[in-house]
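My numbering puts the first residue of the sequence shown at 439, with every later residue one more than the last.
Just to be clear, a hint being listed does not mean it is correct.
No farther apart than 25 angstroms at their CA atoms in a straight line, the calculated lysine to aspartate or glutamate pairs in the DMTMM-like style are these [to be verified]: (1) 612 - 597; (2) 463 - 563; (3) 463 - 644; (4) 724 - 640; (5) 753 - 560; (6) 747 - 595; (7) 558 - 503; (8) 558 - 644; (9) 724 - 563; (10) 724 - 560; (11) 724 - 507; (12) 464 - 678; (13) 613 - 597; (14) 613 - 640; (15) 464 - 640; (16) 558 - 678; (17) 464 - 595; (18) 463 - 597; (19) 724 - 644; (20) 612 - 595; (21) 747 - 644; (22) 613 - 678; (23) 558 - 507; (24) 463 - 748; (25) 464 - 644; (26) 753 - 503; (27) 463 - 683.
Quick caveat, the hints were computed from the structure, so don't treat them as lab data. These numbers come from a predicted model, not from an experiment.
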Amino acid sequence: MSVIGGVAFHAIGAAFAALCYTPQKKLVNWSWQSYWLAQAFVCWFLLPLIVAWITIPELIQVLHEAPSDAMWKAFALGAAYGVGGTAFGLAIRYIGFSLTYAISIGISCVIGTLLSPLVKGELGEVLSQSGSFWIILGMLLGVIGIALCGVAGRFKEIDISGYSGSIDTTFSVKKGLPLCILAGILSALYGFAIDQGQPIADIALEHGAGNFQTNVVYIFSNTGAFITTSIYCIFLHNKEKTWVEYHILQSKSLRLNFVLATFTGMMWYSQFFFYGLGHVRMGAYKFTSWAIHMIMLVLFSMVAGLVLKEWIHAKRRTIFSLVMAIIILLLAVFSLTMGNSIST
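With the hints as extra help, turn the sequences into a complete structure.
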């Protein structure tokens with residue numbers, strides 16, 4: 439039951455991740471960097487501190503006892519994750535959301551899952567345990583499903599451009615593909631940051647944090663991501679002279695933008711709040727938490743797109759590809775759940 443509960447928490451977190459950027463569509467006269475910096479402050483700096491203070495007993499003492507090398511590793515890996523997020527946003531500009539999502543998350547899913555046992559030299563031993571067949575099958579199905587989502591997404595972009603008569607002149611695989619690969623590799627480091635921060639979580643557990651133990655790691659991993667993201671946003675603000683956007687709008691529009699950015703930040707942070715609750719409930723294949731999260735994120739993103747009628751002008755081949763991708767992703771989650779359940 440613990441593994442099933444863990445997968446359920448991962449599902450809740452992935453649902454928040456899939457929907458967290460929908461408020462961006464309602465922004466009024468804000469550039470990307472204004473919105474991104476505002477929501478990043480909430481999800482990568484403010485909320486990790488507040489939630490850790492609420493859920494980690496004797497937080498100050500925990501931080502005093504925690505090993506400094508674990509803090510620095512979680513921070514540095516989180517900072518690299520922030521660079522990956524920026525590369526992801528830039529890649530979308532050149533090859534579109536769907537292909538960026540498929541390539542970057544596909545890479546992140548594999549590397550982020552296998553990196554921890556590989557670095558520790560435990561991969562062979564871990565995959566020789568009972569249930570390993572289901573884990574390998576689930577990983578393989580996940581990558582196939584994510585790739586097929588990318589195919590369906592690219593078909594959709596072609597269908598929509600044909601429907602509207604417009605041609606995307608910014609599309610460039612030469613520019614977008616390297617950014618996708620960079621985003622996938624660096625984004626995978628977030629899961630590794632949680633792993634490297636486990637000694638901090640262990641101290642929190644000794645002080646009674648229970649299943650909320652991972653929240654203390656986010657203080658370091660998310661702050662690292664916030665700093666690298668802030669550097670890029672500040673660079674754009676200075677280059678494009680957009681600092682004034684935080685105060686020149688009419689009060690009603692400005693309040694709306696800040697509310698939307700705050701809501702985005704709360705949803706984004708919620709994905710990892712529930713990720714932590716799911717992660718501590720997994721079996722011997724605890725490292726598969728990242729794969730389950732990534733696969734479900736893509737799955738819910740595709741379903742959300744259908745609900746929001748983003749595929750309304752898609753042709754039959756596109757819908758067929760999407761349906762097949764969703765089925766394969768569901769099978770991937772089932773297979774990973776089976777592997778973890780058997781190992782437990």
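Problem set entry | Unsatisfied constraints (hint numbers, rising) | 2, 3, 5, 14, 15, 16, 21, 25 and 26
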